[in-house]
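**Q** We have chain A; now place chain B onto it with these hints.
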Amino acid sequence: MTKIAGFSWLKALLYVLLTLYAIVTLIPFLWALSASFKPLAEIVGGKPNFLPKNFTLDNYKQIFLQEPLFWRWLFNSVVIAVSVTLLNLLLNSMAGYALARLRFVGKRFWFFLILTVLAVPAQITLIPTFLILKAIGWLNSYQGMIVPSMVNATFIFMMRQFFVNFPKELEEAAQLDGLNTFGIFRHIVLPLAKPALAAQAVFVFMGSWNNFLLPIVILFDPEMFTLPLGLNTFKGQYISYWNYIMAASMVFTLPALGIYAFFNRYFIQSVTFTGGKG
Amino acid sequence: MFEINRRRSNPRLNITEDLAGYMFMMPTILVLGTFVVLPILYAVFLSLQKVQLLGGIEYEFIGFRNFTRLAEDERVWIALRNTAAYVAIVVPTQTVLALILAVTLNSGIRGKNWWRILYFLPTVTSSTVLTLIFIWIYNTDGLLNDFLAFVGLPTYNWLGDPAVALKGIMIMNIWSTAPFFMVIYLAALQDIPQTLYEAAELDGANEWQQFIYITLPLLKPVTFFVVAVGVIGTFQLFDQSYIFSGGTGGPNNATLTVVLLIYQAVFRNLQMGYAAAIAFLLAAVIIAITLIQRRLFGGERI
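Which chain is which? The protein sequence lines are A and B, in order.
Using the numbering used here, the first residue of the first sequence is number 1, and each one after it goes up by one.
Using the numbering used here, the first residue of the second sequence is number 279, and each one after it goes up by one.
Same shape as in the complex, but just chain A (with noise of 0.2 angstroms):
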């Protein structure tokens, strides 16, 4: 009670500090969507401005229109991200359900292997990685992108810990009631699962989404580019055609950013589970 008058201070100082952090995080956002609006001119020519003064969709029309591969490398990124993100939550479940709940032979050893898979830095496995796809003819392809990312050790290790600590008893009921492994897992756990997977889903929808250094090493046909990769070819083919490039990153951020909008509330549980609790 006695702080009200210094406290009234300080709030306000809190809020301009926020409001310019707010503007510091939206600019470059803003920048480059005010970009993807304007003739190419403006953006060369002349002051700085926010709101475009000859707006246009052109920069859109040409990418999706004039750029053939656009439209391919959009597909191919949501092929991937898609399968990698329904393998990962089905196989993921899988693999922490089995370490948690089920009895067999050779449990422990495969947990402490999971854990030690956590500590390997990627770069160690990228170029073997890459050497073993090469050899079973899996470069260049859906599956060379797919296949290896279709599980995670960190998110069996979420997934495990999730069904440690869930109630025992209603698996405990449904064999009772005679269903099987299977059964139970299909159509108990997973329904009761569904946070665990939301979070997990998300973030690893945006690991593939985003992804840059495994594509760039597993694919080299431009027919097979993800966009990150066909962003990066646009950097060389538009060099200073800002007003294209900034539109076809806004098209590659828009499902991202759908994707964390609608989702905004698992995001944040997930980023702070495997921060907090891993």
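Please note: incorrect hints may appear among the correct ones.
Unchecked claim - Using 30 angstroms as the maximum straight-line C-alpha spacing, the simulated DSSO-like pairs for lysine-lysine come out as follows:
no., chain 1, residue 1, chain 2, residue 2
1, B, Lys-498, B, Lys-445
2, A, Lys-134, B, Lys-328
3, B, Lys-445, A, Lys-194
4, B, Lys-445, A, Lys-11
5, A, Lys-11, A, Lys-107
6, A, Lys-47, A, Lys-61
7, B, Lys-328, A, Lys-11
8, B, Lys-445, A, Lys-47
9, A, Lys-168, A, Lys-194
10, B, Lys-390, B, Lys-498
11, A, Lys-168, A, Lys-107
To be verified - Examples of chain A residues lying across from chain B (beta carbon under 7 angstroms, computed):
no., residue
12, Pro-28
13, Arg-101
14, Phe-104
15, Ser-141
16, Phe-220
17, Met-224
18, Ser-249
19, Phe-263
Bear in mind the hints are in silico, worked out from the structure with no lab data behind them.
Everything numeric in this text was worked out from a predicted model, so none of it was measured.
Here a beta-carbon is modelled for each residue, glycine too, at the ideal position from N, C-alpha and C.
**A** Same frame as chain A, now just chain B:
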């Protein structure tokens, strides 16, 4: 209960359960085996070979020569120095910034969730897109120089001047990564019991003292995590350097990082064995720093 009893009565033989366990684990075992465990062993093997990639693949055992070559390779030292400088500036800055933002948001501000959603935007945006936007902003006649000139500060050739190119990437990554750690701090702050602050207030501690004597010590495990993850992430800098420099690490090796060097060893010079050796060097550095850090933080649980 039911399960435990059954297990006890028949401790060794329970084939159905073993079978179910392995059916659940099989995809994971296959994928991690083929694309993590096998590659680790393969990497050890590669690092001791001279590898020829001409159509097929040929190996020639050369012992530790890939590793001795590391010490003589000037670009390895440049990459290590750049990466170390990058880690040394980015990790402390983003950690402090994340903490400040989290504490500010946690101080009873209105619309906390909206601020958080907004601040988090750069973290969900792809590094490719962010790097392209920043390259454009960093242009000699780009937005940043316009702003600097406007407020009367010196302008720079952010992309072309070796003295500032890496700093440009640092600024961008602090900006884009801090919000991620802010969210982690925010969650941890919410777990600190309010009663501790009330007690301290009764004892006459002001807000600053409460922060120093209650908040900071209780956040120590989280800070360990934030710094550890920050160190691991920053040592692996690649996307931004690659896109910034078009894969060269330029200007004049100013943005050459260790991972970019690995990439170049593989795809420009086709030296898989040497690349594997650089990868092990990187892993050793990361592991060493993480261990030192654990010591400094007094053996936290992670």
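**Q** Would you mind marking each hint as holding or not holding in the structure?
**A** Here's how the hints hold up against the structure:
no., hint, result
1, B:Lys-498 - B:Lys-445, "holds, 29 angstroms"
2, A:Lys-134 - B:Lys-328, "holds, 18 angstroms"
3, B:Lys-445 - A:Lys-194, "violated, 42 angstroms"
4, B:Lys-445 - A:Lys-11, "violated, 33 angstroms"
5, A:Lys-11 - A:Lys-107, "violated, 54 angstroms"
6, A:Lys-47 - A:Lys-61, "holds, 26 angstroms"
7, B:Lys-328 - A:Lys-11, "violated, 64 angstroms"
8, B:Lys-445 - A:Lys-47, "holds, 26 angstroms"
9, A:Lys-168 - A:Lys-194, "holds, 17 angstroms"
10, B:Lys-390 - B:Lys-498, "holds, 23 angstroms"
11, A:Lys-168 - A:Lys-107, "holds, 19 angstroms"
12, Pro-28, "holds, 5 angstroms"
13, Arg-101, "violated, 9 angstroms"
14, Phe-104, "holds, 3 angstroms"
15, Ser-141, "violated, 15 angstroms"
16, Phe-220, "violated, 9 angstroms"
17, Met-224, "violated, 16 angstroms"
18, Ser-249, "holds, 4 angstroms"
19, Phe-263, "violated, 10 angstroms"
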